[in-house]
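Visitor: Fit chain B to the given chain A structure using the hints.
Chains as they are written, first to last, in this note's numbering: chain A, 1 to 406; chain B, 1 to 406.
Treat the hints as calculated values from the structure; they're not laboratory data. Check each hint, because a few of them may be wrong.
[As the list claims (entries may be wrong)] The calculated label-pair distances, taken between Cβ atoms and stated as ranges, are:
#1 B:I248 <-> A:M1: 30 to 36 Å
#2 A:M1 <-> B:E329: 53 to 59 Å
#3 A:P78 <-> B:I248: 56 to 62 Å
#4 A:D333 <-> B:S26: 32 to 38 Å
#5 A:T214 <-> B:E114: 49 to 55 Å
#6 A:G272 <-> B:D354: 35 to 41 Å
#7 B:E43 <-> A:E323: 46 to 52 Å
#8 A:E350 <-> B:D175: 44 to 50 Å
These numbers come from a predicted model, not from an experiment. In this text, a Cβ means the ideal position worked out from N, Cα and C, and glycines have one as well.
Protein chains: 2
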Amino acid sequence: MKNVAVLGFGTVGSGVVEIICENDFSQKAGEPICVKAILEIREFPDSPYNKLIVNDYEKILNDPEIDIFIETMGGVNPAYPFTKRALENGKSVVTSNKELVSTHGAELLRIAKENGVNYLFEASVGGGIPIIRPISNCLAANEITEIMGILNGTTNYILTQMIKNGETFENALADAQAKGYAERNPAADVEGHDTCRKIAILSALAYGKHIDSTDIKTEGITKITLKDIEYAESVNCVIKLIGSSKKIGDKVYAKVGPLMLPHGHALSEVDGVFNAILVKGSATGDVMFYGKGAGKMPTASAVVADVIDIVKHKGTGAPFWDEGGELIEDSGDNIRLYIRVKAADKQLVESKIDAIFGKVKKIESSNDEAVFITSASKEVELNSGIAKLKVLIGDESILSVIQVLN
Amino acid sequence: MKNVAVLGFGTVGSGVVEIICENDFSQKAGEPICVKAILEIREFPDSPYNKLIVNDYEKILNDPEIDIFIETMGGVNPAYPFTKRALENGKSVVTSNKELVSTHGAELLRIAKENGVNYLFEASVGGGIPIIRPISNCLAANEITEIMGILNGTTNYILTQMIKNGETFENALADAQAKGYAERNPAADVEGHDTCRKIAILSALAYGKHIDSTDIKTEGITKITLKDIEYAESVNCVIKLIGSSKKIGDKVYAKVGPLMLPHGHALSEVDGVFNAILVKGSATGDVMFYGKGAGKMPTASAVVADVIDIVKHKGTGAPFWDEGGELIEDSGDNIRLYIRVKAADKQLVESKIDAIFGKVKKIESSNDEAVFITSASKEVELNSGIAKLKVLIGDESILSVIQVLN
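Chain A with its partners taken away, still in its complex shape (with noise of 0.2 Å):
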């Protein structure tokens, strides 16, 4: 048997105790799983699981009885230390940590390895969406070039609103805080910080190395207004949130913001609290995964999948990364923005546009607004294009700038 410790009893962490306590993972573990104790500070009176809860992380930590640390405390402290000692203690770690593995992935799997243990983390990315493992083992024969996907179930589900029901910004954050899909605080999921996280724990198992998460180029949704959402839809496009990366030589370019993508695009349809990620192997094409990206089961169960990997495999094949990897500023790809000004007089802010950006494709808008997407261009030469104009007609005139997709 084996005695596995849940260390933080929230929403994750007690939906693990449900499926452990409630399941008999004998016959698909090979021997039966047993939650010995639950770290927690606060108490569970009404809980049936109360019995097991132990405030002193020492406690479990010296209990030799204990092979598998589950850690759903979630951020980094005190997650980090408490699952560096784990690991050196010789113990398994599992988690659906992604802030904790996003920012010392590298460091903690290199412990686990050196102590002969596991260090798994498949709830951190897209809840119960298989992703982490496919893309360690079974994409073992493939390159991966480039990841693309849309990671938080949250902003998704608050642009989905605004495209389909013609919500605002604000009316549907409240939806989705209403709905518990969104946090008092929103700010990790509108400004982007945990697709950010995703896409960093994703980038660095496919290309091997791990990035500095708060080196990427992150924008959220909170300037989305229902106008670019209707100028997208008038060039047949919708308005994602999506975290993407690329490999481009030894460096990886990755990025953080909402993007404008065709109807009939894999991702343009995903609508709602799900995710999808599109994976680009070398030998596959295009893969994707979709399914809802957070919850309380489908996250626990992903979470206890990788406990039941560690009792089955016994610590091999565990996904790793290297420290050391490094981002470039630009992909050195020519790409397109779409660019909504304010226009007093349409006619001269129009001459302006077209003398600093050439050919661009003008979108029809109300008479004090000029609104157009660039012709596919060097990132750095559009940028500096943003800038002659916002010298014209002035910062705050610049109302939207989104990458369109090529």
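Guide: Structure of chain B alone, referenced to chain A:
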């Protein structure tokens, strides 16, 4: 170093040899992998790998230096006895052979287990799309209750050509053959047998018991006409060839046939040679896997990933199912049918339809046809309705019957 033998130097086999010989998998697998022999009766004087060709299976079987057999011959004979003897001799076997897995999978998996080796077959379903391993490992903490997928790229290409470009079935098939997507004898694809084998494999894996694919109700796409495509479009649907199964108690309901899916359904937008598989888990809800379901390199890369898995994991965690799965005839669900019939006297035929089927949704049609969608009813009742209609208007007047997704 691990030596492998490749049985069969056809499309997939030659792809496997290329991938293994042209890449260094020491890091991913933990040790180098080397092709020591290729079993073929043909010679390939222009291939750099011709020197590896061996004509005699016994020579390969008795070579103690060969640990892993890769069977890419296809068909049941001689792949079946070759695989069986390899497993009995303590060799792991990796295959892309869906016919063999769907026919003798349970037995071969049992023999592998008894001999402490692996029998892996990721490439048998979905080409390069990771689906076997995600079902058996990643979803370990879920009960899978339903599977539904577009599992054959050839038929999906043909239907897409009919839907998007108004090609007839015959022209679309000829086009698919010209492009190399369809075999000269296309029966296995267009009659649904390939889809049938794949849903049998996925169902056995998901529900734990072998089911006899020859007992699965299977219909292909040869009877689909452009008229059906147009009528489907007029009610906002597309026609796709779907393999599906669900767990009902400890039995399985499985079916292969054309299905009308509403636009917006996750599988409705999967076009061309792409495959997509929806898996419903008790905890995860719907998870979808999408990608190119065939092709030399995607399929070969899936085979090689299985080989790497064996080298790394040394025989733990292989997928498994038992003998003795039972199919049931009727899902018990209420379903809807699209029915198109000849109607020289339209009013008369429609009055008969009303009398037999009660409330139906009429589809606007040409004067010589009556087209309608039934209300949701038990399959057995609908079939008895069709039988009655046949008596009244003649067998040959029933032009199409296609299930409509509720």
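Visitor: Each hint needs a verdict: does it hold in this structure or not?
Guide: Do the hints match the structure? See the list:
In this structure the hint that B:I248 and A:M1 lie 30 to 36 Å apart at CB holds, the actual value being about 33 Å. Checking the proposed 53 to 59 Å range against A:M1 and B:E329 shows it is violated: the Cβ atoms sit about 42 Å from each other. Look at A:P78 against B:I248: about 47 Å separates their beta carbons, and that is not inside 56 to 62 Å. Checked against the given bound of 32 to 38 Å, the beta carbons of A:D333 and B:S26, roughly 33 Å apart, stay inside it.
The hinted range of 49 to 55 Å is satisfied by A:T214 and B:E114, whose Cβ atoms lie roughly 53 Å apart. At roughly 39 Å, the beta carbons of A:G272 and B:D354 sit within the given window of 35 to 41 Å. One distance hint, 46 to 52 Å for the beta-carbon pair B:E43 and A:E323, holds here, with the actual separation near 50 Å. Judged by the Cβ atoms, the range 44 to 50 Å given for A:E350 and B:D175 holds: they are separated by roughly 45 Å.
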